[in-house]
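Undergrad: Given the structure of chain A, go ahead and fit chain B onto it with the hints provided.
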Amino acid sequence: GAVVSQHPSWVICKSGTSVKIECRSLDFQATTMFWYRQFPKQSLMLMATSNEGSKATYEQGVEKDKFLINHASLTLSTLTVTSAHPEDSSFYICSARGLAGFEQYFGPGTRLTVT
Amino acid sequence: GENVEQHPSTLSVQEGDSAVIKCTYSDSASNYFPWYKQELGKGPQLIIDIRSNVGEKKDQRIAVTLNKTAKHFSLHITETQPEDSAVYFCAASNPGNQFYFGTGTSLTVIP
Chain A
1 GAVVSQHPSW VICKSGTSVK IECRSLDFQA TTMFWYRQFP KQSLMLMATS NEGSKATYEQ
61 GVEKDKFLIN HASLTLSTLT VTSAHPEDSS FYICSARGLA GFEQYFGPGT RLTVT
Chain B
1 GENVEQHPST LSVQEGDSAV IKCTYSDSAS NYFPWYKQEL GKGPQLIIDI RSNVGEKKDQ
61 RIAVTLNKTA KHFSLHITET QPEDSAVYFC AASNPGNQFY FGTGTSLTVI P
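Taken in sequence, the protein lines are chains A and B. Numbering-wise (our numbering), the first sequence opens with residue 1 and increments by one. Numbering-wise (our numbering), the second sequence opens with residue 1 and increments by one.
Fair warning: there could be bad hints in the mix.
[To be verified] Straight-line alpha carbon distances no greater than 30 Å define the calculated DSS-like cross-link-like pairs of lysine-lysine that follow:
id: 1; chain 1: B; residue 1: 37; chain 2: A; residue 2: 20
id: 2; chain 1: A; residue 1: 41; chain 2: B; residue 2: 22
id: 3; chain 1: A; residue 1: 66; chain 2: A; residue 2: 20
id: 4; chain 1: A; residue 1: 66; chain 2: A; residue 2: 14
id: 5; chain 1: A; residue 1: 20; chain 2: A; residue 2: 41
id: 6; chain 1: A; residue 1: 41; chain 2: B; residue 2: 57
id: 7; chain 1: A; residue 1: 64; chain 2: B; residue 2: 42
id: 8; chain 1: A; residue 1: 66; chain 2: A; residue 2: 55
id: 9; chain 1: B; residue 1: 42; chain 2: A; residue 2: 20
id: 10; chain 1: B; residue 1: 22; chain 2: B; residue 2: 42
id: 11; chain 1: B; residue 1: 57; chain 2: A; residue 2: 66
id: 12; chain 1: A; residue 1: 14; chain 2: B; residue 2: 42
id: 13; chain 1: B; residue 1: 22; chain 2: B; residue 2: 37
id: 14; chain 1: A; residue 1: 41; chain 2: B; residue 2: 71
id: 15; chain 1: A; residue 1: 41; chain 2: B; residue 2: 42
id: 16; chain 1: B; residue 1: 68; chain 2: B; residue 2: 58
id: 17; chain 1: A; residue 1: 20; chain 2: A; residue 2: 55
id: 18; chain 1: B; residue 1: 22; chain 2: B; residue 2: 68
id: 19; chain 1: A; residue 1: 66; chain 2: B; residue 2: 22
id: 20; chain 1: A; residue 1: 66; chain 2: B; residue 2: 58
id: 21; chain 1: B; residue 1: 42; chain 2: A; residue 2: 55
id: 22; chain 1: B; residue 1: 22; chain 2: B; residue 2: 57
Quick caveat, the hints were computed from the structure, so don't treat them as lab data. Keep in mind the model is a prediction, meaning the values are calculated, not measured.
Chain A extracted, bound-state conformation:
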């Protein structure tokens, strides 16, 4: 149980285009999902907290208009990187809060490369 999927697993896009990443909780309903960014050999950096049916809460320094987050259902949250630039290249990981309210289960991550 507690499986979280992400799609795509990797994506290459051209500078200036937008990319959408999907995060799904497969076997449980997640009222809260989280989006993280991870640079090579570094820890996870929380970008935003996404609650179903409401606006996401962004961490300080994260551009809301650049990283659009939608949590339209209890099993799906999406992250759209708008007008991507090479500095947006990174490993993006989502997580979903478990039913007990404590745990977070992570997706497999999405490797974004902007050329």
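TA: Only chain B this time, still in chain A's reference frame:
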């Protein structure tokens, strides 16, 4: 805010030996402490966790201990195997459920 420190940053052990990774936290309100294993190119996988009302938890070869007074918690892996090689992250969570991660420990188990 919460500050989580993790040591060591790298750890090499011989197969069959034990590995210990330690974390300290600063916020006494933190009440949940998970440990994650991350393999290269993959997302973190929850391997064990402990809540603040418990001092120790064990799951086969993996155990976690928590000292609330000293604000530190540790991951213990016994009888290490090559497949235990990965990066391990600790985290501390407050009642608001925001996770604060340690900086990670790269564990290498030498066959």
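Undergrad: Are there hints from earlier that the structure breaks, and if so, what are their numbers?
TA: 11, 19, 20
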